[in-house]
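Going line by line, the protein sequences match chains A and B.
Numbering (the numbering used here) for the first sequence: 1 to 156.
Numbering (the numbering used here) for the second sequence: 1 to 182.
If you're looking for bench data, these hints aren't it; they were derived computationally from the structure.
Glycine is no exception: its CB is placed at the ideal position from the N, C-alpha and C atoms.
Take the hints with a grain of salt, since some may be wrong.
[Said to hold, decoys possible] Cβ pair distances, simulated, as ranges:
| # | chain 1 | residue 1 | chain 2 | residue 2 | range |
| --- | --- | --- | --- | --- | --- |
| 1 | A | L113 | B | P110 | 55 to 65 Å |
| 2 | A | A74 | B | W80 | 49 to 59 Å |
| 3 | A | L113 | B | A115 | 52 to 62 Å |
| 4 | A | L19 | B | A59 | 17 to 27 Å |
| 5 | A | L27 | B | P37 | 46 to 56 Å |
| 6 | B | W80 | A | E25 | 51 to 61 Å |
[Unchecked claim] One-sided excerpt, in silico: chain B residues whose CB lies under 10 Å from chain A:
| # | residue |
| --- | --- |
| 7 | S38 |
| 8 | A115 |
| 9 | Y142 |
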Amino acid sequence: MTRLFAALALLIALSGPALAIQPDEVLADPALEARARDLSKGLRCLVCQNQSIDDSDADLARDLRIILRERLSAGDSDTQAIAYLTARYGDFVLLKPPIKPVTWALWFGPAALLLLGAGGIVIGLRRRKASDGALDALSDPERARLAAILKDRDQE
Amino acid sequence: MKLLRRYQLVFLLPVIAFAILAAAFGVGLYLRPDVIPSPLIDQETPAFALKPIPGRDDAGLSAADLKGQGVTLVNVFASWCVPCRAEHPLLMQLAKQGVRIVGINYKDKPEDVTAWLAELGNPFAKIGRDDTGRTAIDWGVYGVPESFLVDNEGRIRHKHVGPLMDHDIQTTILPMMRKLQK
Numbered sequence: 001m002t003r004l005f006a007a008l009a010l011l012i013a014l015s016g017p018a019l020a021i022q023p024d025e026v027l028a029d030p031a032l033e034a035r036a037r038d039l040s041k042g043l044r045c046l047v048c049q050n051q052s053i054d055d056s057d058a059d060l061a062r063d064l065r066i067i068l069r070e071r072l073s074a075g076d077s078d079t080q081a082i083a084y085l086t087a088r089y090g091d092f093v094l095l096k097p098p099i100k101p102v103t104w105a106l107w108f109g110p111a112a113l114l115l116l117g118a119g120g121i122v123i124g125l126r127r128r129k130a131s132d133g134a135l136d137a138l139s140d141p142e143r144a145r146l147a148a149i150l151k152d153r154d155q156e
Numbered sequence: 001m002k003l004l005r006r007y008q009l010v011f012l013l014p015v016i017a018f019a020i021l022a023a024a025f026g027v028g029l030y031l032r033p034d035v036i037p038s039p040l041i042d043q044e045t046p047a048f049a050l051k052p053i054p055g056r057d058d059a060g061l062s063a064a065d066l067k068g069q070g071v072t073l074v075n076v077f078a079s080w081c082v083p084c085r086a087e088h089p090l091l092m093q094l095a096k097q098g099v100r101i102v103g104i105n106y107k108d109k110p111e112d113v114t115a116w117l118a119e120l121g122n123p124f125a126k127i128g129r130d131d132t133g134r135t136a137i138d139w140g141v142y143g144v145p146e147s148f149l150v151d152n153e154g155r156i157r158h159k160h161v162g163p164l165m166d167h168d169i170q171t172t173i174l175p176m177m178r179k180l181q182k
């Protein structure tokens, strides 16, 4: 029993997740391959749009992985290799959109909304505090009316 | 009596915010996330030279074939692609009307595409064989079929993702061709 358990545990420990990348795509140079893996994790597969080309089994993702490796092997910098793909597929191929005027709302919108909300709360709280004192004090006519009401009740 | 005092308007803010969000989501429902905008619009076509399909005399297709030939419809297709079959009769009809259509045959077997064209008819003035799919990638293609309108100067002016429907041809392709031909 222990043996079976140990064998199973070993099996599970050794089994990694299924990789989309095929052995024939892998570059011989480990440093270059590591760069390619790293870059392809940030590139969108255009067929299955929420997967990176590193994750996707789609045919096009494989073609793009191979092209990326060709570019790196040819001596492209990371930026150049990415630019090769954005020239064809646009910024959409990047899983992380670049920061430029059209994406400012996307990048800074949430923070701006948070600041706006926080500002609103701060202003609201300040106003409430300022008005607290004013509510505590009764004006003279109010005090007179209150006294009259209390007097009426006592008489009943 | 005033229905709302000034400070009470603040309570309307969440309602207004919700209405704006709902409107944004409503618009989002009708957007097409599968249609990715192409950075190649109004750019010159990528440089390419494709060989003809073996066993056919279509003469291949290169960037030079898209210059000085009036407006051309470039159709990326494959015999294994089902939507291509669906749009094929429309391409035949367009070719009959005198529209110049050229084909980029994407990752296909020569005998398959030959049989396909024999069965359904050949609307293409020229066909280039893209067996590696590299030319299609240079054109920013991410699925077949895709179609492009190329003007007389060899610039890409319009891209259509997916099969062309009669509606697309009547409302977009033909009006645009007429405009570009002027």
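Open item on the list: Of all the hints numbered above, which does this structure not satisfy? Sort the numbers upward.
Closed with: Numbers 2, 4, 5, 6 and 8, in rising order.
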